[in-house]
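Chains as they are written, first to last, in our numbering: chain A, 3 to 251; chain B, 2 to 243.
Honestly, I wouldn't trust all of these hints.
Said to hold, decoys possible - Calculated pairs, DSBU-like style, for lysine-lysine (alpha carbon to alpha carbon, straight line, at most 30 Å):
1. A:K147 x B:K230
2. B:K68 x A:K147
3. A:K147 x A:K247
4. B:K168 x B:K114
5. A:K247 x B:K18
6. B:K114 x B:K18
7. A:K247 x B:K230
8. A:K247 x B:K123
9. B:K173 x B:K68
10. A:K143 x B:K71
11. A:K143 x B:K230
12. B:K71 x B:K114
13. A:K247 x B:K173
14. B:K123 x B:K68
15. B:K68 x B:K18
16. B:K168 x B:K71
17. B:K230 x B:K71
18. B:K18 x B:K71
19. A:K143 x B:K114
20. A:K143 x A:K247
21. B:K173 x B:K230
22. B:K68 x B:K230
23. B:K114 x A:K247
24. B:K71 x A:K147
Unchecked claim - Just some of the chain B residues that point at chain A, by a computed CB distance under 8 Å:
25. Y69
26. K71
27. P72
28. L172
29. W175
30. Y178
31. G179
Calculated from the structure, these hints are not laboratory results. Ideal Cβ positions, reconstructed from N, Cα and C, are used throughout, including at glycine.
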Amino acid sequence: MIRSIAHPQNRAWHRTHLTRHRRAWVIMTGIILATALLVVLGYFSGVAWPTLGNAVFHTTYRLILAYGIALALGVSIALLVGWSPFSDALFPVFDILQNVPSFALIPFFIFFFGFTDQMVILFAVSSIIWPILFAVLTSIKGAHKDLGDAATIFGARGLRRIPFYLAPLSFPAMLTGSIVGIAIGWEAVIGAEIIVNISGFGAFIKTASVSGINQATIAGMLVIIIIVFVINRMVWAPLLAESAKRYAE
Amino acid sequence: MALVLSRVSARFTDEEKRSISALEDISFSIPEGDFVSIIGPSGAGKSTLMRVILDLMPLTSGTIVRKYEKPAMVFQNYALFPWLTALDNVAFGLRMERVSREEREHIAREKLKEVGLAHLEKHYPSMLSGGQRQRVGLARALAISPDFLIMDEPFSNLDTITVEALKTDLLKIWRTYGMTILMVNHLIPDAIELSDEIIVMSAHPGRVQETMAINLPRPRDTRTERFFKEVDYLTEVIRTVS
Numbered sequence: 003m004i005r006s007i008a009h010p011q012n013r014a015w016h017r018t019h020l021t022r023h024r025r026a027w028v029i030m031t032g033i034i035l036a037t038a039l040l041v042v043l044g045y046f047s048g049v050a051w052p053t054l055g056n057a058v059f060h061t062t063y064r065l066i067l068a069y070g071i072a073l074a075l076g077v078s079i080a081l082l083v084g085w086s087p088f089s090d091a092l093f094p095v096f097d098i099l100q101n102v103p104s105f106a107l108i109p110f111f112i113f114f115f116g117f118t119d120q121m122v123i124l125f126a127v128s129s130i131i132w133p134i135l136f137a138v139l140t141s142i143k144g145a146h147k148d149l150g151d152a153a154t155i156f157g158a159r160g161l162r163r164i165p166f167y168l169a170p171l172s173f174p175a176m177l178t179g180s181i182v183g184i185a186i187g188w189e190a191v192i193g194a195e196i197i198v199n200i201s202g203f204g205a206f207i208k209t210a211s212v213s214g215i216n217q218a219t220i221a222g223m224l225v226i227i228i229i230v231f232v233i234n235r236m237v238w239a240p241l242l243a244e245s246a247k248r249y250a251e
Numbered sequence: 002m003a004l005v006l007s008r009v010s011a012r013f014t015d016e017e018k019r020s021i022s023a024l025e026d027i028s029f030s031i032p033e034g035d036f037v038s039i040i041g042p043s044g045a046g047k048s049t050l051m052r053v054i055l056d057l058m059p060l061t062s063g064t065i066v067r068k069y070e071k072p073a074m075v076f077q078n079y080a081l082f083p084w085l086t087a088l089d090n091v092a093f094g095l096r097m098e099r100v101s102r103e104e105r106e107h108i109a110r111e112k113l114k115e116v117g118l119a120h121l122e123k124h125y126p127s128m129l130s131g132g133q134r135q136r137v138g139l140a141r142a143l144a145i146s147p148d149f150l151i152m153d154e155p156f157s158n159l160d161t162i163t164v165e166a167l168k169t170d171l172l173k174i175w176r177t178y179g180m181t182i183l184m185v186n187h188l189i190p191d192a193i194e195l196s197d198e199i200i201v202m203s204a205h206p207g208r209v210q211e212t213m214a215i216n217l218p219r220p221r222d223t224r225t226e227r228f229f230k231e232v233d234y235l236t237e238v239i240r241t242v243s
């Protein structure tokens, strides 16, 4: 439907995007081939692959769950604040809150939730939520006044303003906020796993490093890089491409 | 009367938190079905006045009597929703009125056809030219069957050929729909060509300087001596208030 792009700016963007896309795949194919070669040559013979797989699975599912909660909460709060007349007053409050380093709060999470899955997930939520919330809120506050006026005049008033105007308006910001949030989320989940020593990739690399099995650490890192790349290429890249085309000025 | 403003004043707070008077003692009325233009120098508060009339901004004092039921607006910068196709943009107001999908798409298609863009219904705003975007904006306004249409400098970002075509279409639409139109315009010949009445505003703060009836017969010939006399007179008035 929107493949027949007539706009020259879009064509230029499309070319740049394709180049980047190809470059990313070339780099990633190199990493995957290098990993496969190391496996074939027996470099990773000492690695407990089922343990690593289990650890990566735990970390990934915690991250996905934390992201889902942070996305729902962050977007809802941002939309409600952006919609309310108090957004100007609340913005600085959120600004202060997001500057509090997440890891400084980890004792509170441990106190309330113990050394559990919930603790790691909720701790990650507290890290992922801010980039999403701020990106959405900033996009709402920065929207052209005319666009908001058009929404009002043509009937997007009251609570209907949220699904029909504010939510679609902030979609590209939600996307970029999510990408940053997920990156922070990996750190938060792995960091929390290391600190509380709960099963997961964090605990895996901690154990691997302590016992000096470097192959296991390297294998773990390669697996995470491949997962990050696959998520990026399969989820974020197509969504970003669609958003850039659709939301172009 | 479709609209009556009586001693309307409005203030706004600037970025340095100073209270600025944007409009002062604005009084005028617009008869139903008339085409009225507002012209004035930059800073005359023309766009602010449009926002006050549409209740998008509070007035500080005075009264506004709105006799119309369904207003619509066409914007200088189009203000189309970038995430919606041309068809969905046109249908937006109807969707807010909870008109069924089938019916609103039928109406939206009709309106796009009316402004000559039936073939571009699946295009997003970024894929349209300025003139095409403004036509979508006009179709979006017409789709809700307004009885009062506000147009805020709708031609200012467009080339001359597009403006000429749009003016012709606009006059045709105005005659067909019989709605009241209030247009902010910065081009004197365009205002005279289109309007029954022109309100001239002065700046800082915005005040009504003069109200001028245009009694030239329609369709208007823009190359007659009478037309040029009106242009000269209005140019002189604008010069004195600038």
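Closest C-beta approach of L172 of chain B to chain A relative to 8 Å, hint status: Hint on L172 of chain B: violated, closest Cβ of chain A at ~23 Å, above 8 Å.
K247 of chain A paired with K18 of chain B [C-alpha distance capped at 30 Å]: violated, 38 Å
Holds or violated: K114 of chain B to K247 of chain A, with C-alpha atoms at most 30 Å apart: Roughly 25 Å between the alpha carbons, so the hint for K114 of chain B and K247 of chain A holds.
Hinted pair K71 of chain B and K147 of chain A, Cα distance within 30 Å: holds, 21 Å
Proposed interface contact between Y69 of chain B and chain A, which counts if any beta carbon pair is under 8 Å: Violated: closest Cβ of chain A sits about 13 Å from Y69 of chain B, beyond 8 Å.
Restraint check for K173 of chain B with K230 of chain B, where alpha carbons must lie at most 30 Å apart: Judged against 30 Å, a Cα distance of about 25 Å means the pair holds.
Restraint outcome when G179 of chain B is required to lie within 8 Å of chain A by C-beta distance: Result: violated, 20 Å to nearest chain A Cβ.
30 Å limit on alpha-carbon distance, applied to hinted pair K143 of chain A and K114 of chain B: Roughly 35 Å separates the two Cα atoms, so the pair is violated.
Cut-off 8 Å, beta-carbon criterion: hint that W175 of chain B touches chain A: violated, 19 Å
Hint consistency between K143 of chain A and K71 of chain B [alpha-carbon to alpha-carbon, up to 30 Å]: holds, 28 Å
Given hint K68 of chain B paired with K173 of chain B - CA-CA distance at most 30 Å: The given pair, whose Cα atoms are some 24 Å apart, holds under the 30 Å limit.
Hinted pair K147 of chain A and K230 of chain B, Cα distance within 30 Å: Answer violated: K147 of chain A to K230 of chain B is near 38 Å, above 30 Å.
Consistency with the previously given hints fails for numbers 1, 5, 6, 7, 11, 13, 14, 15, 17, 18, 19, 22, 25, 26, 28, 29, 30, 31, ordered from lowest to highest.
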